[in-house]
Each structure stands twice: as structure tokens, then as C-alpha cells.
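One letter stands for each residue in the lines below.
Number of protein chains: 2
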Amino acid sequence: MRDVAVIGIGMTKWGELWEKALRDIYVETALLAIDDAGVDHIDSMYVGCMTSGIFVGQEHLASQLADYLGICPIPACRVESACASGGLAVKMGFIDVASGLSDIVLVSGVEKMTDVGGDQATYALSTAADQEYEGYHGITFPGLYAMMARAHMHAYGTTREQLARVAVKNHHNGSLNPLAQYPFEVTVEEVLTSTMVAEPLRILDCSPITDGAAALILCPLDMAKKLSKKPAVKITGVGHATDTIALHSREDMTSLMATEKAAQAAYKMAGKKPADIDLAEVHDCFTIAEICVIEALGFVPKGKGGTAAESGLTAHGGKMPVNVSGGLKAKGHPVGAIGVAQIYELTKQLRGEAGKRQVEGARVGLAQNMGGSGGSTLVHILEVQ
Amino acid sequence: MRDVAVIGIGMTKWGELWEKALRDIYVETALLAIDDAGVDHIDSMYVGCMTSGIFVGQEHLASQLADYLGICPIPACRVESACASGGLAVKMGFIDVASGLSDIVLVSGVEKMTDVGGDQATYALSTAADQEYEGYHGITFPGLYAMMARAHMHAYGTTREQLARVAVKNHHNGSLNPLAQYPFEVTVEEVLTSTMVAEPLRILDCSPITDGAAALILCPLDMAKKLSKKPAVKITGVGHATDTIALHSREDMTSLMATEKAAQAAYKMAGKKPADIDLAEVHDCFTIAEICVIEALGFVPKGKGGTAAESGLTAHGGKMPVNVSGGLKAKGHPVGAIGVAQIYELTKQLRGEAGKRQVEGARVGLAQNMGGSGGSTLVHILEVQ
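Going line by line, the protein sequences match chains A and B. For what it's worth, my numbering labels the leading residue of the first sequence as 1, then goes sequentially. For what it's worth, my numbering labels the leading residue of the second sequence as 1001, then goes sequentially.
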């Protein structure tokens, strides 16, 4: 397999983008990535999107977006793995370049979630759970993650305040990110008194409904070095795994087996261990998710995730900065775009272009993107050359 | 890139499978393919499905199916390109094996279309067109293909009876296929007097609403020769292209540019020309589609597609047999499964296992699978070794 690098990145401000269609958001970010890479053509494209069918009544999405970007007849592939659709698009783009089939590949993630009402958005998201065994019985994602939180609190003594600390940290980081949907700080007190959603999770424990996209250009590493003067960022590790889609089928509701397996594969491929990672972007769809994820990634021992934000370990400036972009919590959660936006952030950081939120001396970054209650996970490791 | 072969195939009878869920249909065919290949594990899986989100309220589909097949934590990827989703899954499985990332890959296509009413099914399918510029104005696929038919009749003198001959041929072929949804013959008279859908297309010009799946096992060619005593079937050509998703954006409504481009790429990769193909499975979602497709594939000159079924050229026993399986018309049209089922049929034929519908001496087969009104197309060429 050929070495693969990220040569271009693009992202625009996330939020409730009433004035833009899905195709507009997509094209904006794709053009930014193409411009950043300085390439004059594209060989193929991948787009991660969870459910444009339900959100905007549009399938056949990759063809539509190739059309609107004006790059037909190039091959265009849409991939779906719920909220891990973006990470999956990154993996497929990686394989396409690594195999030698394509040289310059456009990888995007996009979701337009605000064209439907809140109840319909909740329904759309619930299709990432097992519809027949979870959805039809009334459980939605806040409820599933609330059960994971309760189980973690029961097994490991994780506290309600520790959950809040994750939101406080990520909102602080998001306040430094001009593209974040909610670029403001929140306090522990505000989280603890915010509207209850599913006990013990309150509204400030939950990531929002967001419109947004992000885009990358991938190419062979040697080509990246020739085409661009920016530091070459190589994808050194790729991990992808699945778990039972239904939470009730798992032996332990606090363990994310797909994240553990995907991380093991990515660490092995990259020849790295958790301590080698300088910063990580992880899937904090709910505050409890970040806690379980950093355990599964091996950043902290099992059961100790709750103390990480509280102790400052995962803070910007801490030993293991997590979600310096603001994470899903503050940056926003356009579900299909997350895995691509994580690579956008890592590339900014590894190039030293992250401005106020720059992690000094960052050379190795990890992105973890998961679908549903952890039924699928992608882990990528990036290193600046 | 490594050489890739089809080592296992699986398919069950298509139709209105009221008693089975999507996951049941999927697992049945996947187990048949695994059994046919004789492999004891899977490294990764791909599933093509157009819109399980709208049809059965289920996204995160690949994880669910990996779960139900009992093969978690293996990587699982769902791809979508409307009715070309199955062909796209074949391509992605091909790249995964060719790149060296995976050895044994399960590739499936599936759609469960009858859990919703006819109006909802029509809506679901319409999401393969440009929703904002075609769907919202009331056009659905029979209408789009009717316009293509009218344009072809106007430009090339194609007749109403010539359209009917495609249906007659494919129903005759389907009558020999025990897995077909409609395994019976129809006459020209029956087609011409069947219910009008969108002038000039009548109900017997249209492929049906179908539940169904098909599955393949792909692996490196040298591994296939070691693992299986069955004739090795190599994927020698892969082509993939896009066109404008909206019909009104094209210069010529009778030309399928994505099919032309995908075919050119596949012929070039395989070192073949149209005359080298012994049989083809093509995307006859409507009778006019087969006529336009065989022109785009170069089997007949532009404008001469209408005469092919009438003259017997594309009949079983003709010089260029097309859709000996019965095609979408008689075999059925579970949209996400088509591209995989085409490879199932070609593999049966190239192995000499096709029974009553065997094409004698078949050594090179071509599959053409397209999405929407031709906005995306996959072409694969297979050769028995």
C-alpha cells in the first residue's frame, strides 16, 4: 500500500444554516479544501452522510454533490455508518489512494439537520440504534447514553459533576474556535442546572443539532511533498471496528468494544501507543461518551475516565489534550461530518495553523469517531512529517 | 494492486417477502455466499443499500448486519448510490482486497421495499432524483424514463413495440430463473395493453417493487485458487462514473454518459472491447433503459438499441445475450441489491452452473448497474480463469 497524506482541508462555520442547502454547505467546504491543497483536478470523491434521505429527502447523494461541484464524471461514493459516516469516508478515501487506484481524492462529511422539526430530527437520529429492538420501544440516544452514564457512575463512582466538567472543558475550547456552533464558555453550575433531558444527562451534557460539513484532499505522501509547501501530514494508522448495534446486547454497558478494537488496529499500524499521542479529537456526543472513549483509547485506566477533565489531564495545556476544537459539544454535531472535521482539526494542529487553540509541539494526533451507542468506530492516527 | 476473484456467491428468491425482515434476508444470502466460498472467517464487509432509512427506518445498517451475522468486530461499511448501491459495494470490496488491507471480504446488496405502502415506496425511490429540482415538482422515475423513451423514439424512430420486446425477452429469461420474482412469460400484446404508468411506458415496461438481497465473497485470485475447487472468476475490469443527477441538465436525454465513461474505464482495465463480452447483465429498470444502456456499452451503434431485442441479438442464444437472469424486469428490483445480484449471475454463468439458462462457453461477462436516471454507473468485467 502507498503512504497517504492529507494535503488540503476545508471547513466553514457550523450552526443552524437556514439560508443554505446541503449541497451549498458541501460545495463551500470542498472548494476550500481544493484551494488549500492547490490541486487542479480530483480523481475520485467520497462523502460521509448519515441520513440525507430522512433529513432532506435526498439519496444518490454523492452523484448530486459531484454534479454541484462540477466534477462529473468522476467516481463518487457515499458511505454511511451513522455518526461515524465521516470517519468511514476518510478510511475509504485512504484505501482508494493506498491501493493505487486514485491519486487525488476528495473526502467530505456533511449533514443538514435543521430542515426538519426537532421531533423528526430525533427520529432521524434514532435510526442509528436498532430500530426494531430499541427505537420501536421508545428509547432515543439521550436515553441510551443516560443508561451508560448511570452504569458508569454505579460501577466506578463517576460523579454528576465529573460529567459536567467535560462540557465545561469542551465549551472553553470551543470558545477559541471561530467555526464552532456554540463558541462560548459554560460553568459547572450552568450544566448542573440546565434542562433535564434523560436523567442524569442535562441539555448541556448533549451535543446539538447542527448543519455543517468538512472536507479533505488526500493524495500519496510523495506527491503531497511535491505539490504543497505546507507540512505533510501522513495518515499512519487506520482502525475500524463494529460492536452490537443494540446497547442491551453488550456484556458491559460502560465499555466501547469497537473503539478498543479500532484503536488497537490503528496503534499497531502506526507503531504507536496511547502515550505517544499529543492530542486527540474524540466523539463526545454526550459528556459520558468522552469519558468512556478515553478509557477505550487507553488514555486512562478503565473506570478513571471521570477524573480526566476534572484533573485537567484532558484540558488544553494538559498532558493529553482532548477535543481542543470544542468537540461535538461546542463545535456542533452535524452527524455525517464529524469524522472529517476531526481530521481537519488535527491537520490544522499538526501544521501549526490552529491559532489561539494551537497545541504546542503537536506531532501525533488521533481521531476517534463512532456511530450510534458505539456500534461502529473509526480511529485514525496522523503524524506530521 | 492485487488480482481479485469472486470465490463465493449467495442469493435467495426475490419477491414480496412479508415474513422476513431486512436483516433476515441479508443473513440468509450472506451465509449462502460464505458456504459457497468455504471460508472460515471474514476480514471486512460492505453492504450496498439505497434507503433503508426511509424503507425500514434503519440507518447504521452495516453495523446492524455485521451484528446479526455474528461477525462483530469486523469492519463494516455501507455504501449508497441509489440503485447502483450494489455495484458500488462490489467496487469498494474490490479495492479493499486489491489494496492488500483485507483478504476475505463479504460484499452484499439488500433492499426491503414492501414494508411501506406504494406511495411511500414511490417517494423513497424519488430521492434518487434531484429532490429540489425534480422531486418537488412532481416527477418520479417512470416519468423521467418516459421522457427518455419519447426522446429516443423521436430521435431514432424507436417503436413502442420495440420497447415491449425488451420486456418479452427478459420475462422469457426470468421464466428459467427459480429465484426471479416474476418467473413467467409475457407477450408483446400483454405489454402493449397493460396499465399505462407514464406515456409511453406501461406497467409491463417497469421493474417491480421487490424485497431481496445477494452476496459475494471476494479474495485475492491466488488465494481463490488455493481455497476453492470451483473455477476462479476474476474481476478484470472496474469502471465507475457519474453524470448530472437531474435529467434536465443533460445535453442529450437519450445518452447515458456515466455508463459510457464507466464502460470505457472497465474495458481499458480489462483489455477488452464490446465484442469480447459473452454475456451482460444490465440495468433494465424500464425497457427503455436497456435500450439506452446497450448503446452506451457499445454493443450496438447509437440509436440502434431499439432493434436489438426485436432482432434477437440480445436474446438468450443471440450473439450478445443481455439479462439472461431475467433482469430487473422479471427477476425483480430490490434497488440496493442489483449490482451484487448481477455479479452472482455472471459468476454462475462463468462457472457453468446456470442450469437451464446457461450461456454455453461463456468466459467473459459484463455487469452494468446504474443509479437514478443514470447519475451514477458501475461497470464490472469478470473472466473465468
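Keep in mind that the hints were calculated from the coordinates and are not lab data. This one's a predicted model, so the numbers in the text were calculated from it and none came from an experiment. It cannot be assumed that every hint is accurate.
Claimed, not checked - Chain B stretches covered by chain A per the calculated footprint, using a threshold of three residues with CB under 8 Å from any CB of chain A:
id, region
1, 1057-1066
2, 1079-1087
3, 1093-1100
4, 1240-1248
5, 1318-1329
6, 1370-1383
Where is the CB? At the ideal position from N, CA and C, for every residue including glycine.
Would you pick out the hints that fail for this structure and give their numbers low to high? Those not satisfied come down to hint 5.
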